[in-house]
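A.B. asks: Sequences are here, hints too, so could you generate the full structure?
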Amino acid sequence: MNILTLFVLIPVLTTLAIGFTKNMKQTRLVSAVGMSIQLILAAILVFMYLGERNAGNTAEMLFTYDALWFPSLNIHYAIGVDGISVAMILLTAIVVFAGIFASWNMDFLSREFFISLILLATGVFGFFISIDLFTMFLFYEVAVIPMYLLIGIWGSGPKEYSAMKLTLMLMGGSALLMVGLLGIYFYSAPSGGQLTWNLLEISKITIPIEMQRFLFPFTFIGFGILGALFPFHTWSPDGHASAPTAVSMLHAGVLMKLGGYGAFRVAIFLMPEAAQEQAWIFLLLTSISVVYGAFGAIWQKDLKYINAYSSVSHCGLVLFAVLMMNQTAFNGAILQMISHGLMTALFFALIGMIYGRTHTRMINEMGGLMKVMPFLGVVYVIAGLASLGLPGLSGFVAEMTIFFGAFQHTDSFHRILTIMAISSIVITAVYILRVVGILLLGPIKDDHYLHLEDAKWHERLSTVTLVIAIAAIGIAPLWLSDMINVSLGPIVDKISITGFQFVSLF
Amino acid sequence: MTGTIPLQYFLIISTLMFFSGIFGFLTRKNLITMLMSIELILNSVNINFVAFNRYLYPDNLHGHFFTLIVIAVAAAEAAVAIAIIINIYRNFRSIEVDKVDEMKF
Amino acid sequence: MTINDFLLMRHEIMLVLIALILLIVDLNLKPTQKPWIIPVAMVLFIIHIIVGFLPAPEGTLFGGMFRSTPLINMMKNVLNIGVFIIMLQSYTWIMKPENREKMSEYFVLMFSTLAGMYFMISSGDFLMFYLGLETATIPMAALAAYTHHQTKSAEAGVKLILSSALSSGILLFGLSLIYGSTGSIYFTDVAASFGAAPMQVLAFLFFFSGMAFKISLVPFHLWTADVYEGSPVNVTSYFSVISKGAASFILILILYKVFFQLIEVWQNVLYIISVLTMVVGNLFALRQKNMKRFLAFSSIAQAGFILLGMMAGSQMGMTSVIYFVLVYIFSNLGAFGVVSAIEAVTGKVEMSDYNGLYRTNPRLSLLMMLAMFSLAGIPPVAGFFGKFFLFTSAASAGYYWLVFIAVLNATVSLYYYLMVVKAMFINKSDEPIAFFRSDNMTRAGLLLSAVGIVVIGFWSQVYEMINNLSVGLF
Amino acid sequence: MTDYTYTLLIPLIPLALFLFTGLTGHKFKPVVSGLIGTTGLFVVTILSYMTAIRYFWTDHVEGMGYTSLKAFETTWIHFSDKLTVNLGVLIDPISVMMLIVVSTVSFMVHIYSLGYMKGEVGFARFFSFLSLFTFSMMGLVLATNIFQMYIFWELVGVSSFLLIGFYYTKPSAVSASKKAFIVTRFADLGFLIGILMLSFMTDTFDFQTLVSPTGPAITQVGGAAFLGLSGITWALILVFMGGAGKSAMFPLHIWLPDAMEGPTPVSALIHAATMVVAGVYLVARLFPVYSLAAPDALHVVAWVGGFSSLFAAIIACTQTDIKRVLAYSTMSQIGYMMLALGVSGYGGHDGLGFMAGNFHLFTHAMFKALLFLGAGAIIHAVHSNDMKDMGGLRKYMPITHITFLIACLTIAGIPFLSGFFSKDEILTAAFHHNMPLFIIEFAVAGLTAFYMFRLYFSIFWGKETHYHHTPHEAPATMTIPLLILAFGSIFAGYLPFHELVTSDGMPFEAHIEYAVAIPSVLIGLLGIAIATIMYRKQTEIPQRLATGFGYFYNWAYHKFYMDEVYLFVTKKIIFNYISRPVAWFDRHIVDGFMNLIARVIERSAYLIKGFQSGRIQQYGFVFVSGTIALVIIFIYLW
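Chains A, B, C and D, in that order, give the protein sequences.
Using my numbering, you'd call the opening residue of the first sequence number 78 and step up by one each time.
Using my numbering, you'd call the opening residue of the second sequence number 719 and step up by one each time.
Using my numbering, you'd call the opening residue of the third sequence number 5 and step up by one each time.
Using my numbering, you'd call the opening residue of the fourth sequence number 355 and step up by one each time.
Be a bit skeptical, because a hint or two may be false.
[To be verified] Example chain C residues on the side facing chain D (calculated, C-beta under 10 Å, incomplete):
#1 43
#2 46
#3 47
#4 65
#5 69
#6 209
#7 230
#8 268
#9 288
#10 419
[Claimed, not checked] Straight-line distance between alpha carbons at most 25 Å, and here's what the computed SDA-like set of lysine to any residue pairs gives:
#11 D:963 / C:155
#12 D:524 / D:473
#13 D:381 / D:408
#14 C:432 / C:350
#15 A:99 / C:350
#16 A:99 / C:440
[Said to hold, decoys possible] A few chain C residues that face chain B, going by a derived Cβ cut-off under 7 Å, partial list only:
#17 131
#18 138
#19 151
#20 159
#21 161
#22 177
#23 187
#24 233
#25 472
#26 475
Derived from the structure by calculation, the hints contain no laboratory data.
By construction, the Cβ of each residue, glycine as well, lies at the ideal position given by its N, Cα and C atoms.
C.D. replies: Printed below as a string of structure tokens:
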């Protein structure tokens with residue numbers, strides 16, 4: 078039994094097990110157990126992976142397993158991981174684990190809730206392990222659809238509207254994606270021979286350039302919509318605002334990462350020439366969304382909206398780095414995905430916990446919470462510092478790597494955009510401190526906040542897990558970035574052998 | 719006597735019948751009349767078949783067979799149609815086609 | 005006739021026999037014993053299905069008027085399964101007192117239309133094709149008007165019979181021109197001597213619009229919604245699944261076998277028509293409040309997707325179309341099954357009646373959700389695979405923009421499918437449909453379709469089998 | 355060369371203290387964590403002094419220059435195959451000097467806080483933050499490469515943020531901390547970009563490589579010229595921007611006065627002695643690069659420093675909040691240091707300014723910490739920051755009085771006190787290299803003496819305010835540090851800096867130039883005299899002067915309206931004119947477009963519903979016209 082298959086199998090089995098549970102207690106117990114196993118498994122996978130690498134295994138993908146599924150279309154169930162996907166899997170496992178505990182008291186239709194939550198996770202895990210474009214796409218949509226029910230049933234506010242909007246926009250994205258993938262498939266063997274969906278095999282050939290010009294935008298935007306690419310990001314604020322805690326955590330934490338990962342793994346990796354030609358368009362868009370999201374966040378009143386916009390900004394940074402197309406920037410992009418996944422999940426968890434106590438998310442209705450709930454307050458500050466890029470926390474490492482990667486382009490076009498992106502860290506500081514100042518510090522706004530109690534054990538567990546992860550990456554990033562770097566090697570080679578130069582405006 | 723009347727005449731006639739049948743189907747208000755215009759269409763087809771067969775492909779009889787079948791089927795169709803129309807009359811107390819628009823949009 | 009001949013046209017013979025037997029049995033039954041018809045019909049039909057799966061030889065009868073190949077045989081098997089599910093699902097409805105005494109007619113009519121379709125599918129020349137077509141259509145009108153005391157049903161009947169008469173008239177005119185231009189009505193001869201002369205294009209277009217009427221493609225679809233709404237639910241599901249499926253089978257067969265010279269033309273025709281069909285079907289479906297009407301329009305939109313597969317003009321296209329129809333049968337029957345079960349018990353067909361259904365009838369709602377997702381093409385249920393392969397074959401012919409339009413339409417369709425899910429799972433209701441247990445027959449039918457929806461997608465052997473059979477075409 | 359690895363403990367002990375008291379502080383009695391912290395700092399101080407003595411004397415071979423050495427280094431992350439970030443410990447004259455400064459002051463402040471913060475809520479939190487700060491500052495000081503410096507630079511910033519906002523229920527404190535963080539953050543933006551450019555041009559972060567006269571930064575002055583300045587110059591100017599932010603140079607100084615919202619020990623530690631001089635330290639670190647590769651950047655440093663010192667001194671004369679006066683005087687003194695570096699040359703006696711700057715940094719740390727702690731004691735006694743509420747305190751709190759006086763004399767540059775020596779060196783350097791700046795500084799010397807004694811007199815002499823409860827001398831925990839620091843500020847000046855801390859590590863001869871020293875002393879005395887006249891007794895002169903200067907006085911009193919300018923930029927421009935439109939645009943245009951699509955689809959669905967009229971003949975008509983349309987398209991149009 079291939080270890081990677083377990084990553085899909087365990088969640089599925091968990092959902093089945095949940096189907097037989099009687100009440101909320103059993104349900105949450107079962108799902109907690111299942112996801113803890115998943116987390117342990119992810120940790121094991123990391124060690125196995127590093128072990129293999131240290132043993133000198135230089136294959137591009139490890140633990141590969143390949144089963145022919147639809148022979149006539151050459152569709153395989155092909156799985157395998159490299160450092161990047163291992164990192165993403167670890168991230169997912171952590172966030173899901175934290176999410177389960179964050180929604181510990183979900184008493185309304187709890188069985189259905191946990192089932193759909195874990196289904197979503199299944200899709201994400203499957204997406205990260207698969208190296209066959211078809212299965213990748215399949216898992217991608219599996220991950221997207223449960224969102225509708227999760228938001229629509231357990232959400233708050235204009236939940237039907239947000240859920241529908243989110244689902245339709247993401248499905249519109251997958252519409253673009255499908256065209257892109259089909260195109261890639263039918264040009265996966267330009268010199269005759271068997272067409273294939275397999276990432277690695279396609280990466281060995283070069284898709285005809287005029288085809289790339291046509292397909293790249295489809296693929297990139299298709300993934301970009303999930304990655305909150307300006308101007309296709311508007312599903313994210315509403316969706317996050319209406320979603321229940323755990324769902325926002327998973328969605329911003331891992332689901333949006335599917336976009337960045339796919340854009341990198343499929344769009345850039347398979348169509349580097351077109352990417353290099355068209356990069357400047359998308360660079361403009363992404364650098365806009367970096368600054369724009371940050372500025373948008375300054376004005377918001379609703380905690381979730383603030384965080385949603387900051388997600389737009391940070392995910393914009395991911396795509397921005399991906400488009401810079403050099404090893405450092407790629408590394409930064411991956412690190413940024415991970416760090417943003419962790420800290421935004423932490424944010425949403427905290428927001429959910431605060432909301433559960435104060436029953437409002439409007440920052441101007443709250444104040445001085447630090448005094449009544451010090452634990453949550455402190456953790457919130459830590460999350461804030463992480464997201465404004467404080468050294469010692471994950472955000473800093475990622476952003477710095479991205480900036481150093483982006484700065485390697487000497488033409489003024491890239492320089493200007495890079496400096497734009499860098500300047501976002503100040504704006505980030507502004508809105509983070511604004512929130513911290515209004516929400517946590519200062520005198521207590523409302524007297525009946527005085528008898529609110531601090532975090533419960535499960536809330537502490539869920540948040541502390543994330544905090545530890547964030548700090549671990551922030552303090553000792555070397556192992557992670559090296560793990561990613563090694564896997565980036567072949568990708569960068571594939572991209573750099575193409576003799577194109579960046580098309581720049583200046 | 720073949721050749722005295724060229725094929726085109728038949729075709730013109732049949733085409734005229736065909737379109738007048740369609741015209742009738744689209745304009746007449748009485749269900750029975752509409753059925754009759756359908757018959758008109760079918761007969762134009764029959765003329766086509768027979769004429770083609772007789773003039774162009776005298777050595778086989780596909781056209782004739784087809785015509786016979788069409789006539790038979792037309793009869794069956796008419797039977798069922800009229801039965802349904804009677805049923806309509808029972809339900810609507812009229813066989814005006816415009817009355818029959820309970821379900822729309 | 006030899007056993008081989010029987011094997012060649014076993015479906016048709018069996019069906020005709022079953023119909024006759026049922027009539028005879030019906031004659032000798034007192035009104036109180038009428039329900040005996042059902043087991044008889046069931047048993048006979050099961051036998052029929054089993055026989056259908058016997059090894060299928062390839063050959064022709066009646067001097068090429070009738071032909072059968074493993075592929076065709078398999079199409080018929082697919083349809084058989086669908087019909088069987090429908091029979092199961094219609095149990096509650098048919099047992100209603102007002103339908104009891106004429107329940108045999110229901111089966112007889114259904115079987116005779118089915119026989120007609122089978123003749124149509126395995127027709128080797130246009131005469132047999134036309135015969136099959138009419139044999140399929142005329143009883144169908146009777147089925148539509150089955151509950152003749154209801155005005156809606158009567159209206160449905162008259163609308164169907166008249167417009168189908170018109171369409172077959174036009175189709176016939178096309179046939180006559182084909183005959184005039186080629187001198188033969190045998191598919192093989194026609195295919196051999198058929199070019200792209202204006203008259204032949206004209207003939208083809210007339211013929212095509214006749215067929216488009218059957219598959220209810222825009223703008224030849226207008227009868228669909230009314231007939232679907234007016235007819236009894238199970239008849240509606242029969243229309244929307246079986247007759248549509250059969251019609252698409254025969255259309256793709258004829259397009260590939262007879263009009264292959266015209267491929268340039270009909271690919272473009274299909275391009276236009278499919279875009280129209282998807283868009284208009286979706287736009288109409290958006291507004292519908294009545295479940296039957298809603299499903300009618302959704303099935304119109306689905307027909308638009310089927311065309312994408314046909315356009316490939318290759319083995320892949322053939323495979324994807326058959327596979328999609330199979331998937332579509334299960335998905336749509338799942339949906340119709342739920343609708344008919346609910347209508348038979350409570351008589352409610354409005355979408356608003358489904359509010360809060362999940363609280364009272366979780367199983368039904370889950371099946372409905374599966375069916376909706378499958379129709380919308382959401383993984384991991386079968387619909388996703390069906391749609392994906394259709395798009396794949398369309399893309400294989402280079403129609404990337406068409407695929408794009410299609411997927412966008414799929415997104416729009418997702419909207420209204422989700423509206424149903426929303427009604428059942430999210431909306432609150434003051435008086436939701438009370439909990440009820442339908443009888444075992446219906447439940448078996450629902451179960452079958454549910455299994456189909458879930459399994460067929462992952463079970464790649466199905467697709468591969470179809471694919472291997474479609475080889476025979478070229 | 356012997357082993358200095360143990361210096362790793364100097365930053366690590368405070369880190370351990372921070373984690374320990376931070377996580378478990380609330381478990382046991384507050385004072386415990388205070389004592390733990392103080393003892394920990396004691397150890398650190400011992401280590402620092404040991405290091406200094408070993409480095410400067412025991413391990414030092416006579417006649418040789420002081421070389422920099424890496425006591426420890428480890429890889430933190432690889433940015434690319436060329437750029438690697440290390441964390442390590444760098445030992446060289448300035449870092450050792452800073453070790454002394456930081457550990458001493460920090461230790462003093464710890465002791466002092468034991469008394470000052472007694473009974474405050476969050477006593478443990480306070481000490482853990484102090485340890486955090488000490489850790490970050492040590493890391494900054496000992497950084498082996500510029501990126502490590504940036505890392506700890508940020509950490510220092512955040513710990514200052516935490517300490518300023520220590521009274522987090524007080525809105526003014528919160529906003530002050532926010533302001534401090536954001537302004538410095540903005541400056542750090544420049545720093546970061548500077549680092550990016552520098553590392554891009556030189557492919558290294560490492561200080562030793564950067565500053566070595568044969569290093570890439572200096573030999574190949576890379577980077578395309580932009581606006582007439584070379585790339586390296588721009589890089590260094592941007593780096594200096596970061597330094598200016600931390601060191602509160604004009605125009606990035608506005609956070610410093612507000613930062614006085616923090617507890618007074620914090621002001622003494624962070625905003626007087628250690629963190630604020632980080633900018634000076636940064637420039638000193640990169641000094642060879644500045645002076646050899648980018649003299650233009652060095653001029654910028656000099657002028658910014660000079661102007662800030664004047665600007666601050668003028669404002670200081672008008673403030674009435676004693677901590678703010680001290681804050682501005684800090685700013686002015688740092689201006690001195692910057693200027694000293696700015697006018698310095700590289701190597702030998704040219705490097706006088708470099709030496710003087712560091713020297714002044716050292717002495718200033720002593721007496722300014724002393725002043726702040728003294729002010730703390732006074733506030734502790736009077737419960738007010740405003741000198742209007744004070745007067746005649748000398749008889750109530752003698753020790754404070756004496757130490758404060760010493761400090762004032764020191765800063766006024768009275769001979770034989772430490773301030774005299776360092777300031778004199780600076781003036782000499784300026785005198786030799788840049789006459790206009792010398793004149794400015796000369797004036798500032800007078801101003802300094804004036805406002806310091808204005809402060810002194812209006813606190814300890816002047817009118818006899820009667821206090822509702824008689825103020826009393828501070829407890830021993832607070833007075834002992836005062837005495838120690840007073841000792842430091844008297845005798846620190848006798849250290850042979852010109853032998854220890856020089857631009858190229860080589861000792862050189864420095865002697866007092868009377869041509870500079872005497873006038874500066876005189877103007878200092880003059881300033882004192884004026885202050886004595888005006889403030890020793892209650893007089894009308896200040897009032898009349900204020901009205902006499904009129905507008906100018908008001909401007910100075912309102913700090914030349916800098917805060918208002920900043921407020922305008924942030925509140926008005928960013929919030930109202932950028933952020934709000936962006937939010938609106940996002941909701942109404944971008945999102946509106948998405949909703950528009952949906953609405954269009956829905957509308958069209960209603961528009962076309964007429965086709966389904968329910969009438970058979972209309973259906974037939976559509977059917978036939980459809981067929982005909984196809985025929986037309988494919989027979990005639992194709």
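A.B. asks: So, as I understand it, the hint says residue 65 of chain C touches chain D; can you test that by seeing if any CB pair is closer than 10 Å?
C.D. replies: Hint violated; residue 65 of chain C Cβ to chain D Cβ min 33 Å, cut 10 Å.
A.B. asks: Would you check the hint for residue 99 of chain A and residue 350 of chain C, treating anything up to 25 Å between C-alpha atoms as holding?
C.D. replies: Not OK: residue 99 of chain A and residue 350 of chain C at ~30 Å, beyond 25 Å, violated.
A.B. asks: Would the hint on residue 159 of chain C be counted as holding, given a Cβ-Cβ threshold of 7 Å to chain B?
C.D. replies: 5 Å, holds
A.B. asks: Does the interface hint hold: is residue 209 of chain C within less than 10 Å of chain D, judged Cβ to Cβ?
C.D. replies: Nearest chain D Cβ about 5 Å off; hint holds.
A.B. asks: Would the stated hint for residue 475 of chain C survive a check requiring a Cβ distance to chain B of less than 7 Å?
C.D. replies: 31 Å, violated
A.B. asks: Would the stated hint for residue 419 of chain C survive a check requiring a Cβ distance to chain D of less than 10 Å?
C.D. replies: 8 Å, holds
A.B. asks: Quick check on residue 161 of chain C please, does its C-beta sit within 7 Å of some C-beta on chain B?
C.D. replies: 4 Å, holds
A.B. asks: With the threshold set at 25 Å, check whether the alpha-carbon distance from residue 432 of chain C to residue 350 of chain C stays at or below it.
C.D. replies: 19 Å, holds
A.B. asks: Does residue 440 of chain C lie within 25 Å of residue 99 of chain A when you go C-alpha to C-alpha?
C.D. replies: Holds, because 22 Å separates the two Cα atoms, which is no more than 25 Å.
A.B. asks: Given residue 47 of chain C as an interface hint, is the shortest Cβ-Cβ distance to chain D below 10 Å?
C.D. replies: 40 Å, violated
A.B. asks: Should the interface hint for residue 177 of chain C be scored as holding, given a Cβ-Cβ cut-off of 7 Å against chain B?
C.D. replies: 5 Å, holds
A.B. asks: Is the interface hint satisfied for residue 230 of chain C? The criterion is a beta-carbon contact with chain D at less than 10 Å.
C.D. replies: This interface hint holds because 6 Å falls under the 10 Å limit.
The structure is inconsistent with the numbered hints 1, 2, 3, 4, 5, 13, 15, 19, 25 and 26, although it conforms to all the rest.
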